[in-house]
Each structure stands twice: as C-alpha cells, then as structure tokens.
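Q: Listed in order, the protein sequences are those of chains B and W.
Using my numbering, the letters of the first sequence map in sequence onto residues 38 to 151.
Using my numbering, the letters of the second sequence map in sequence onto residues 6 to 116.
Since the hints were derived computationally from the structure, they do not count as laboratory data.
Just so it is clear, CB atoms sit at the ideal spot from N, CA and C, and this is done for glycine as well.
There's no promise every hint is true.
Unchecked claim - Facing chain W, a subset of chain B residues (Cβ under 8 Å, in silico):
{"#": "1", "residue": "Met82"}
{"#": "2", "residue": "Tyr91"}
{"#": "3", "residue": "Ala124"}
{"#": "4", "residue": "Gly142"}
{"#": "5", "residue": "Thr148"}
What the hints assert, rightly or not - Label pairs and their in silico Cβ distance ranges:
{"#": "6", "chain 1": "W", "residue 1": "Asp64", "chain 2": "B", "residue 2": "Ala53", "range": "38 to 44 Å"}
{"#": "7", "chain 1": "B", "residue 1": "Ile150", "chain 2": "W", "residue 2": "Glu58", "range": "49 to 55 Å"}
{"#": "8", "chain 1": "W", "residue 1": "Asp43", "chain 2": "B", "residue 2": "Asp63", "range": "18 to 24 Å"}
{"#": "9", "chain 1": "W", "residue 1": "Val57", "chain 2": "B", "residue 2": "Thr97", "range": "34 to 40 Å"}
{"#": "10", "chain 1": "W", "residue 1": "Val19", "chain 2": "B", "residue 2": "Pro46", "range": "29 to 35 Å"}
{"#": "11", "chain 1": "W", "residue 1": "Leu93", "chain 2": "B", "residue 2": "Thr57", "range": "46 to 52 Å"}
{"#": "12", "chain 1": "B", "residue 1": "Arg80", "chain 2": "W", "residue 2": "Met32", "range": "39 to 45 Å"}
{"#": "13", "chain 1": "W", "residue 1": "Glu75", "chain 2": "B", "residue 2": "Thr148", "range": "38 to 44 Å"}
{"#": "14", "chain 1": "W", "residue 1": "Leu93", "chain 2": "B", "residue 2": "Thr97", "range": "28 to 34 Å"}
{"#": "15", "chain 1": "W", "residue 1": "Leu93", "chain 2": "B", "residue 2": "Tyr91", "range": "53 to 59 Å"}
Unchecked claim - Simulated coverage check for chain W against chain B, where a stretch passes if three residues somewhere in it have a Cβ under 8 Å from a Cβ of chain B:
{"#": "16", "stretch": "48-55"}
{"#": "17", "stretch": "68-82"}
Single-letter residue listing:
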Amino acid sequence: AQTVTQSQPEMSVQEAETVTLSCTYDTSESDYYLFWYKQPPSRQMILVIRQEAYKQQNATENRFSVNFQKAAKSFSLKISDSQLGDAAMYFCAYRSSTGNQFYFGTGTSLTVIP
Amino acid sequence: EAQVTQNPRYLITVTGKKLTVTCSQNMNHEYMSWYRQDPGLGLRQIYYSMNVEVTDKGDVPEGYKVSRKEKRNFPLILESPSPNQTSLYFCASSFGGQPQHFGDGTRLSIL
C-alpha cells in the first residue's frame, strides 16, 4: 500500500507571510494524482490544489502553489500572503491513476498569527 | 448545487445497536468512498465503490459493511458497533481521477 507522510504535525505563520507544508509519499507507480485538502474548524474537507504526476509544471491556485518533486516523491504546499482564514488542518492525499484507493497523510495543523 | 449529503450529522448510540449512516450524491459520480478520521491518524479509507454493485475494502474495513444498489447512494452500516468505532466519518464521491467531493461528516459516538 502506498503511504503518505506529513512530518509536521503543527506549523505556524505570521499573517501576510509565507509558509510551506511538507508531504512525501511512497509509490512504485509512475502515474498518479496528488491533492492538498484543507479542513477548517467547521470540519468540511475543501480541495486546495491538485497535481497530476505526468505534468512537470507545478500547480498553482491563487496564493497556493505546490513544489512537486517526482523523483524525490515530495509534494509540498506553499501558502503565500497567509490570511487568518488559512488557519486549518491540511491533508496531503494520493491516488494512483489505475488504483482505486485514496491515501491521506496524518495532517498538519496550521495556525496563522495576527 | 453539487453536493454529497450525509445523515445523520451526529449520533450517540450504544454498543451492539445496529446503525446506518446514509450518503447520497447528486453529481452522477461513479466513485464513492467512506473514511474515518481519528486524531493523529488522518483519514483512513473504509470502503469504496467504483460503480453500482461494485464495492471493495479500503484500509480499515473491519466492523463495517456497505452497499451500492443505486449510483447516487452509498450507505455505511455498522452491524454491531463497538466503542473503537467512535470517530468522525466522511463520505466522498468523484469522477475518474478528479478530486473528491466530501460530505459534511458524521460524528459518531458509541458508548
């Protein structure tokens, strides 16, 4: 089974600053999908960003971008100009293009300091 | 509005009393899945379904059952709940490799 590792249980960032959340994964497959989800205190799961492994270009969504290093099996999330509303638990997730299971990391709790 | 609807949102029950958590999606998604979320463990997949009448085990299927008789519905059944099944449960659906849409979660407490 694939594994997804988030080594930072907690992170904090000053408002308007930049923070990077790390995620590594273990797989022998060449084609797969990676996701970052945000879970605010309301506990909803909200998609932040998605990356297909065959695309070399890093995905970007407004203030959110990823650093996808396929050879290193690393998929970090960068949040620029952090806002109070970014405070949440962030989960990294993996799904192969041929398999049917999703694998999630254990999450990183992000605090934004005013 | 595209959505995944779970019911109930909260449930407190006792050991051994059968319960069902319903899940319905209105996006015609083929793929549906159930997860449980526990502190420090993230989300773990219980069961998933690729289409009607096609279901398979995830990482933590013990003590759970599912069925997929219609495309839109994917109920989670606990035949004889035990306290170690106290958790936050999420249903999700998706099409192909697209991101999953999640329900709002069900907080289940088993005494």
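Q: Decide, hint by hint, whether the structure agrees.
A: Hint check results:
{"no.": "1", "hint": "Met82", "result": "holds (4 Å)"}
{"no.": "2", "hint": "Tyr91", "result": "violated (11 Å)"}
{"no.": "3", "hint": "Ala124", "result": "violated (18 Å)"}
{"no.": "4", "hint": "Gly142", "result": "holds (6 Å)"}
{"no.": "5", "hint": "Thr148", "result": "violated (17 Å)"}
{"no.": "6", "hint": "W:Asp64 - B:Ala53: 38 to 44 Å", "result": "holds (39 Å)"}
{"no.": "7", "hint": "B:Ile150 - W:Glu58: 49 to 55 Å", "result": "holds (51 Å)"}
{"no.": "8", "hint": "W:Asp43 - B:Asp63: 18 to 24 Å", "result": "holds (21 Å)"}
{"no.": "9", "hint": "W:Val57 - B:Thr97: 34 to 40 Å", "result": "holds (37 Å)"}
{"no.": "10", "hint": "W:Val19 - B:Pro46: 29 to 35 Å", "result": "holds (33 Å)"}
{"no.": "11", "hint": "W:Leu93 - B:Thr57: 46 to 52 Å", "result": "violated (27 Å)"}
{"no.": "12", "hint": "B:Arg80 - W:Met32: 39 to 45 Å", "result": "violated (21 Å)"}
{"no.": "13", "hint": "W:Glu75 - B:Thr148: 38 to 44 Å", "result": "holds (43 Å)"}
{"no.": "14", "hint": "W:Leu93 - B:Thr97: 28 to 34 Å", "result": "holds (31 Å)"}
{"no.": "15", "hint": "W:Leu93 - B:Tyr91: 53 to 59 Å", "result": "violated (34 Å)"}
{"no.": "16", "hint": "48-55", "result": "holds (count 5)"}
{"no.": "17", "hint": "68-82", "result": "violated (count 0)"}
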